[in-house]
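Colleague: So the chains spell out like this:
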Amino acid sequence: MALSVPADVHAANRGGVLIGRLARSRELTLACVTIVMVTFVAIKAPSFLASTNLISVTALTAIIAIAAVGEALVIITKNIDLSVESTMGLVAFVVAIALKQQSLTVPEAWAIGIGLGLVLGMANGAVITIFQVPSIVATLGTLSIYRGLTYWVAAGHEINISDLPAGYTEAASQTFFGVPLFVLLAIAVVIVAGLALRYTVLGRQLYAVGSNAEAAATIGVRSRSTIFLAFALSGMLAGVAGVLWGIEFGQLYASSASGESLAVIAAVVVGGVSIAGGSGTVVGAAIGALFLGLINNALTVLQLPQEWLQVIYGAVILVAIVTDALVQMRAQRAKARSRLR
Amino acid sequence: MTDSTTIDAIESAGAASVPPPVALAGVSKRFGATQALLDVSLALLPGEIHALVGENGAGKSTVVKVLAGIHQPDSGAVVLDGKTVTLHGPAHARSLGIAVVHQEPRLFPDLTVAENVFIGHVPSGRLGSVNWREMRRSADRIFESLSVHIDSSAVVRGLSMADQQLIEIAKALSIDARVLVLDEPTASLSAHEVVRLFEIIRQTRDRGVAVLFVSHRLEEVFELCGRATVLRDGRHVITAPTSELTAADLVRHMVGRSVSLFPRTTAHIGDVLLEVRGLTRVGAFRDISFSVRAGEIVGLAGLVGAGRTEVARVLFGLDRADAGEVLLDGKRVTFKTPSGALEAGIAYVPEDRHLDGLVGGFSIAQNVTLPIIPRLFPRFFIRGGRERAITEDFVERLRIRSTGVNELIEALSGGNQQKVVIAKWLATNPRVLILDEPTRGVDIGAKVEVHRIISELAASGLGIVLISSELPEVLAMSDRIIVLHEGRMSAEIPRAEASEERVMFAATGQMAEETSSGA
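Sequence order for the protein chains is A and B. Counting the first sequence from 1 gives a position; our numbering is that position plus 472. Counting the second sequence from 1 gives a position; our numbering is that position plus 51.
Treat each hint with caution, since some may be false.
[To be verified] Some chain A residues flagged as far from chain B (calculated, every beta-carbon gap over 10 Å):
hint: 1; residue: Ala503
hint: 2; residue: Val513
hint: 3; residue: Ile663
hint: 4; residue: Thr672
hint: 5; residue: Phe721
hint: 6; residue: Leu771
hint: 7; residue: Leu776
hint: 8; residue: Leu781
[Unchecked claim] Partial pick of chain A residues on the chain B-facing surface, computed with a CB cut under 7 Å:
hint: 9; residue: Tyr671
hint: 10; residue: Ala680
hint: 11; residue: Ser751
hint: 12; residue: Val788
[Said to hold, decoys possible] Going by beta-carbon spacing under 10 Å, a handful of chain B positions derived as facing chain A:
hint: 13; residue: Phe367
hint: 14; residue: Tyr399
hint: 15; residue: Gly411
hint: 16; residue: Gly412
hint: 17; residue: Phe428
hint: 18; residue: Arg434
Simulated from the structure, these hints should not be mistaken for lab results. Beta carbons: idealized from backbone N, C-alpha and C, even for Gly.
Just chain A, same shape as in the assembly (with noise of 0.2 Å):
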């Protein structure tokens, strides 16, 4: 998508305009590559290829880049949202008890999980644009607080598979045409969002903001009711993943997925989303938590020594960001060389 990389087009030397290219097609990019760690995964062990194996993948997979396309839409605008993974705990924890006590019905329990992620989101929106406060500070506090709430909420119980209605467990394994429901869903938001972001005023807005607050400040743009807009966003994202996350998983710890942020933010970073704010797309989110749940996939199938898998798994994570950093900055000195005089 045109926006998301600085590239210039018609930069003067050659070089410039294939790295340019390269740059500017960074989702391509990400999927080649994705596409050549998979045939070689493959062929080492063939393993990886069985149904089973990719459903699984999949899944998580879809959970993490659900959430990953609301982390994008807030680091579009140069701010971050750390609490996601509680956001998901407790969305997919509030949900579970709610249908072990068969209080709701199984839509309502959607509803019910995506309105909690709604609102937790525009908590977070609402202490980031109403005090200023940083949003690293802000959702590094809510992280805490709605994992607070989910021990408060589990008081030290778990749930089990036996204990969720099976017309809520089994949307894990169905199928459209061969389609996960869960990839279904996540291609849907990626598509919504992707569409949004590109066709729509507030999706201009979103850059806007993240590119040169003042600027957007100058002509109008209300930069917080923006950004609250963007965390509230991906609140309800995260509301989704956590849902999913307890399709999937059926068993529900008061600490259940804890350390997910990482994954997702990584998901948004490696996928080409500027941390500084102001450029990247949401497919690239996507594709990127697709990349990070393969790679993490891979090493267990590839059978390599189990101490090493977070070391290789960070060391892919770095390896993806510094490439990039490489060519945004061969791109740019191209592009200088093509205006400096």
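Fit chain B to the given chain A structure using the hints.
Modeller: What follows is chain B alone, placed relative to chain A:
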């Protein structure tokens, strides 16, 4: 590069028997496909202020960066005292006595003034610890020698642009420079501060320092400089004593043809559009009253900090007034947000096009339509075709040079970026347009264009408020000039009576009582 060319260059530059402290000999520099400099020779003499002029992109900045050691020439060389040297970097250049003050102050906002002055060569005590007292004292000494009052223990953040510029100069002088390079030092200063700066530059010259003064403002070149060198498209055009040149000559050499700097079409002056009565914002300005008619250009002159921008911000709804009223078409209006002002037909082109004006990463079209997208696409969905069509119209009217409306804003030259900013505000279809320093930092060619646009806009019936620190610009463009001094109106001067002296007197508060509060 041979020795003979070096000597030729120096001799042709008119040096006496003593070689100049610094010279460029046949310097060429290429960036990708762009020949930034081609065989440029230039000698700076001790005790002389040498002007370097040229349009944006003519190669001035590259000359500055070569002297600063930031760029190494592809061929040719920097010659110090007749000896060819290779400058390995800014620190090396500094150690050889070449001090460079860049266009935008590059200070560390969270450090103190003294720390900024001595950054890179902090006075240290035994064990290498920072000698704070010595540092502050030395900084004070430098400021004293410049007869400037700046608290050296103050933090830089929050200081005015002018003070920051002076700190940059103090920084340059702190190394006992033999060569002082000033890259458009007056771009962000008001007339009064420019006077002070010029005194400092002259003092520096009188100490035997060779000064290179890069500027867009021709009147400054004539006022300050002994000789001038013109660059065009990376090539040396002419070096001559300023006494043998006229402003028209310089402009002709710079753009390669003759142009009129202030094209002015006469406009029919209509009814009062905007009226300001007793407008006051505590701490910024007091009791400001004036009116703007359709087709009229009202100049708002004054020193930086006199309250001009602050008035504009209130008119545009960015700040609130504490007292007084604003009338649009005779009806009282108050704006809580810029959106309100935009809807009412007031647009404000802010001073700093990078900070407040443009959104990086956006195309020309996306920037132009940004203020109006909610209005343009009430059904929330952006239609690219419509957006491009609107932008193309402005690109044509304002003669914005680009490869197309989808070109990224960063790819445009400064002058064209400024035109995009203006286009953006025109897209809101305003009736009153407030322009804050619209030609700051753009080159002569673009300046002429901006003047033409302003003039045409007035002719089309817009009321225009023109804030400018450049006196020739205010004088030539305005139908009436409102002068502010320390937040108060010190004069309202009609075009026929306006002169540089009168405006300056009023701006420095020297005849505040004679003409005041008209409208």
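Colleague: Run every hint past the structure and note whether it holds.
Modeller: Taking the hints in turn, this is what the structure says about them:
1. Every CB of chain B is more than 10 Å from the CB of Ala503(A) (nearest about 22 Å), matching its label as outside the interface.
2. At the 10 Å boundary, the C-beta of Val513(A) stays outside the reach of chain B, the nearest C-beta of that chain being 35 Å off.
3. Distance check on Ile663(A): its Cβ is at least 15 Å (rounded) from any Cβ of chain B, clearing the 10 Å threshold; non-interface status holds.
4. Not every C-beta of chain B lies more than 10 Å from that of Thr672(A), the closest at about 5 Å, which undercuts listing it as non-interface.
5. With 10 Å as the threshold on Cβ separation, the claim that Phe721(A) sits away from chain B holds: the shortest Cβ distance comes to roughly 37 Å.
6. Listed as a non-interface residue, Leu771(A) keeps its Cβ farther than 10 Å from every Cβ of chain B; the least gap is roughly 35 Å.
7. Against chain B, the non-interface label of Leu776(A) holds: every CB pair exceeds 10 Å, the least being about 39 Å.
8. Non-interface call for Leu781(A) relative to chain B: holds, since the shortest CB-CB distance, roughly 37 Å, exceeds 10 Å.
9. Hint on Tyr671(A) holds. Least Cβ distance to chain B is approximately 5 Å, under the 7 Å limit.
10. Annotation: Ala680(A) was flagged as interfacial toward chain B, and the flag holds, the nearest CB pair being 5 Å apart, inside 7 Å.
11. Of the supplied interface hints, the one on Ser751(A) holds, with its beta-carbon coming within about 5 Å of a beta-carbon of chain B, less than 7 Å.
12. Given the 7 Å rule on beta carbons, the hint for Val788(A) is violated: about 27 Å separates it from the nearest Cβ of chain B.
13. Given the 10 Å rule on beta carbons, the hint for Phe367(B) holds: about 8 Å separates it from the nearest Cβ of chain A.
14. Hint status for Tyr399(B) relative to chain A: holds, with the closest Cβ pair at about 7 Å, below 10 Å.
15. The interface hint given for Gly411(B) is met, as the beta carbon of that residue sits about 5 Å from the closest beta carbon of chain A, less than 10 Å.
16. Of the supplied interface hints, the one on Gly412(B) holds, with its beta-carbon coming within about 5 Å of a beta-carbon of chain A, less than 10 Å.
17. Against a cut-off of 10 Å between C-beta atoms, the interface hint on Phe428(B) holds, since the closest Cβ of chain A lies about 6 Å away.
18. Hint status for Arg434(B) relative to chain A: holds, with the closest Cβ pair at about 8 Å, below 10 Å.
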